[in-house]
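Visitor: For reference, the chains in residue letters:
Protein chains: 2
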Amino acid sequence: MLCPEELLTGHYWALFDGHGGPAAAILAANTLHSCLRRQLEAVVEGLLTPQPPMHLSGRCVCPSDPQFVEEKGIRAEDLVIGALESAFQECDEVIGRELEVSGQVGGCTALVAVSLQGKLYVANAGDSRAILVRKDEVRPLSFEFTPETERQRIQQLALVYPELLAGEFTRLEFPRRLKGDDLGQKVLFRDHHMSGWSYKRVEKADLKYPLIHGQGRQARLLGTLAVSRGLGDHQLRVLDTNIQLKPFLLSIPQVTVLDMDQLALQEEDVVVMATDGLWDVLSNEQVARLVRSFLPGNREDPHRFSELAQKLILSTQGTDGSAPEEVSHDDISVFVIPLHSQSQGGRGP
Amino acid sequence: MLCPEELLTGHYWALFDGHGGPAAAILAANTLHSCLRRQLEAVVEGLLTPQPPMHLSGRCVCPSDPQFVEEKGIRAEDLVIGALESAFQECDEVIGRELEVSGQVGGCTALVAVSLQGKLYVANAGDSRAILVRKDEVRPLSFEFTPETERQRIQQLALVYPELLAGEFTRLEFPRRLKGDDLGQKVLFRDHHMSGWSYKRVEKADLKYPLIHGQGRQARLLGTLAVSRGLGDHQLRVLDTNIQLKPFLLSIPQVTVLDMDQLALQEEDVVVMATDGLWDVLSNEQVARLVRSFLPGNREDPHRFSELAQKLILSTQGTDGSAPEEVSHDDISVFVIPLHSQSQGGRGP
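From first to last, the protein sequence lines are chains A and Y. To convert, note that position 119 of the first sequence is 119 in my numbering; the numbers rise steadily by one, no gaps. To convert, note that position 233 of the second sequence is 233 in my numbering; the numbers rise steadily by one, no gaps.
In isolation and in its complexed conformation, chain A is listed as follows (with noise of 0.2 Å):
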């Protein structure tokens, strides 16, 4: 239940994958929610009508209007991205408060599913993933944040605020970290506005570590952290030095709408929301033809889709008989949504 009953009513999932202790995560948990709530409950007038009035109260503005002035094209589900995005900064400010108050320390990923007034809303912040999984189609509903997938803006920071480097590190990127016998050679390099790549003169400079190093899952931010946004890690810094993550990391999500009333939804479509654990083992169309074969055959079990979602871990074990090509030593959190009643019943009390 997310806004005033009589106005809204919506579904919430969410997921948080803790590093660094699971102090952040269990906030996040506990709090997330709330902040979105208060955000819905500031807009919910605006949420009411398809085209979300310029002023949220006070005086009409309209064709009759002489005042009157061209608007921009608003719609009622840029407000909920908005209070989703607010929401999550909120959050990450209440982490920061209460972790120093008590002392603790961590940083987490946050995954989140919405369902409103007949729309899914996925927010993202980190690597975890969510897809949407059909009869005929798989469709990611989220993007992974990675020191990777968000390179040119951590490059771009750096070159704006040097200082954050402290002098330690590079913010070149090489094919592989430079070694003394590389000093003087011509090797590729990559800087913050660049997608391609060149080759450079190796200086002493370039021999520093590097701000992103690493590939794929071995990837670290400042040789650190493995994820690039998320809530929490206020007090993070690189080992032994006074140098801090936060600044690189970004607490907005990124926020994908799924029109479920557009979808014509069948009884077995599902979205799977689950922490990296899953994702570095499974491939979506693995996870797709998991769903699709257990799904069918289950159709009377009421509790098929939590029994779907610990099958999913299971095959990342290799105890579900299934033999993956590699097991997963992460912690592992699934949900599987089953779309069907959310598009039905998420409208309205």
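Honestly, the hints are just simulated from the structure, not real lab data. Check the hints yourself; a few may be wrong.
If several chains are the same, the list does not tell them apart, and a pair holds so long as it fits within one copy or across any two.
What the hints assert, rightly or not - Below, computed lysine-lysine pairings styled on DSSO-like, alpha-carbon distance capped at 27 Å:
| no. | residue 1 | residue 2 |
| --- | --- | --- |
| 1 | Lys-179 | Lys-200 |
| 2 | Lys-208 | Lys-246 |
| 3 | Lys-135 | Lys-119 |
| 4 | Lys-119 | Lys-72 |
| 5 | Lys-200 | Lys-119 |
| 6 | Lys-200 | Lys-135 |
| 7 | Lys-246 | Lys-311 |
| 8 | Lys-208 | Lys-72 |
| 9 | Lys-72 | Lys-200 |
| 10 | Lys-72 | Lys-311 |
| 11 | Lys-72 | Lys-179 |
| 12 | Lys-72 | Lys-204 |
All values derive from a computational prediction rather than experimental measurement.
Given the structure of chain A, go ahead and fit chain Y onto it with the hints provided.
Guide: Then chain Y, alone, in the frame of chain A:
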């Protein structure tokens, strides 16, 4: 001819759309291909292998090397992308110097297509556009950069360097320009990190002129410029002020790559490149219909591609009997590039 003849042969097309006078566009047309040639020559050794070496010259780093460290997978095409990015930057610097020396002013957008080693590279900085038209497909090959499409980057810059606005502009976005009697009202707004919208109470500072004003073709950066990337404009200032536009403009293009060898190209597959004057009036689909209705009936005509380009321009003037919904009043340049011959002739000398 882009590279030393004995090593690599390619083709080059470029469209420049000037503003504030023709000086920058003329300089770009005379200069950019030389910058690109120089940048490509600097990496030609790396271009001749599918995976460019980490070191351009000097020691071999290979698996048998005891010093071998795992390297990121970088492709030859990443060097071409890097060369295009560097060439745009270099050309921008040349234009800045030349215009200062000659006391001239102005800027231009730049859209460049290069065919090299079986691939077509499209680099774009500004609001020109390239599309691929095939029998059953219309594919965008570039994306426009306008104050609206780059709102977040521009707002963020104003946050980091507020002195760039000299207290004369607000970086916040509102659905329309606010007026005195909006003071104290709660109105929709959007800041640098937001994709969605939220409400805030109007303060006096919000009544300043907006950093980005207007919508679509009317959108202006600092009330002055309709594009957010391009070459030149080193001297451009907001009318009657000392506020510079250049810090908000990027000379770096976005580069897309089309693998012509993978496409099974047909005789009538073309790329259409044109300045915004064309796309303001014709959609991608309308251009594709004109291409498909013209080419098959004119197979014997050796000038059919340039005639098609002329026909496209005429159709924006309502002078070819097609009665467009709207007539273009902007100047228009159009290239129609047949791809079939590129993929055949684009390799080797």
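Visitor: With reference to the structure, classify each hint as holding or not holding.
Guide: Against the structure, the hints:
Proximity of Lys-179 and Lys-200 under a CA criterion of 27 Å is satisfied intra-copy only: 15 Å inside one chain copy versus 52 Å between copies. Proximity of Lys-208 and Lys-246 under a CA criterion of 27 Å is satisfied intra-copy only: 21 Å inside one chain copy versus 32 Å between copies. Within a single copy, Lys-135 and Lys-119 get their C-alpha atoms as close as 20 Å, which meets the 27 Å cut-off; across copies the closest is 36 Å, which misses it. Taking the closest pair of Cα atoms, Lys-119 and Lys-72 come within 27 Å of each other only inside a single copy of the chain (22 Å); across copies the shortest separation is 40 Å, beyond that limit.
In this assembly of identical chains, Lys-200 and Lys-119 lie within 27 Å of each other by CA distance solely across copies; the values are 25 Å between and 49 Å within a copy. For the identical chains of this complex, Lys-200 and Lys-135 are neighbours neither inside a copy (50 Å) nor across copies (43 Å), given an alpha-carbon limit of 27 Å. Proximity of Lys-246 and Lys-311 under a CA criterion of 27 Å is satisfied in neither setting, with 36 Å inside one chain copy and 56 Å between copies. For the homomeric pair Lys-208 and Lys-72, the shortest alpha-carbon distance between copies (18 Å) is at most 27 Å, but the shortest distance inside one copy (48 Å) is not.
In the homo-oligomer, the alpha carbons of Lys-72 and Lys-200 lie at most 27 Å apart only across protomers (17 Å), although the nearest pairing inside one protomer, at 46 Å, exceeds that limit. For a Cα distance limit of 27 Å, the shortest separation of Lys-72 from Lys-311 qualifies neither inside one copy, at 47 Å, nor across copies, at 35 Å. For the homomeric pair Lys-72 and Lys-179, the shortest alpha-carbon distance between copies (16 Å) is at most 27 Å, but the shortest distance inside one copy (54 Å) is not. Proximity of Lys-72 to Lys-204 under the C-alpha cut-off of 27 Å is restricted to the inter-copy arrangement: shortest distance 22 Å between copies versus 52 Å within a copy.
Hint check: violations occur at hints 6, 7 and 10; the rest are consistent with the structure.
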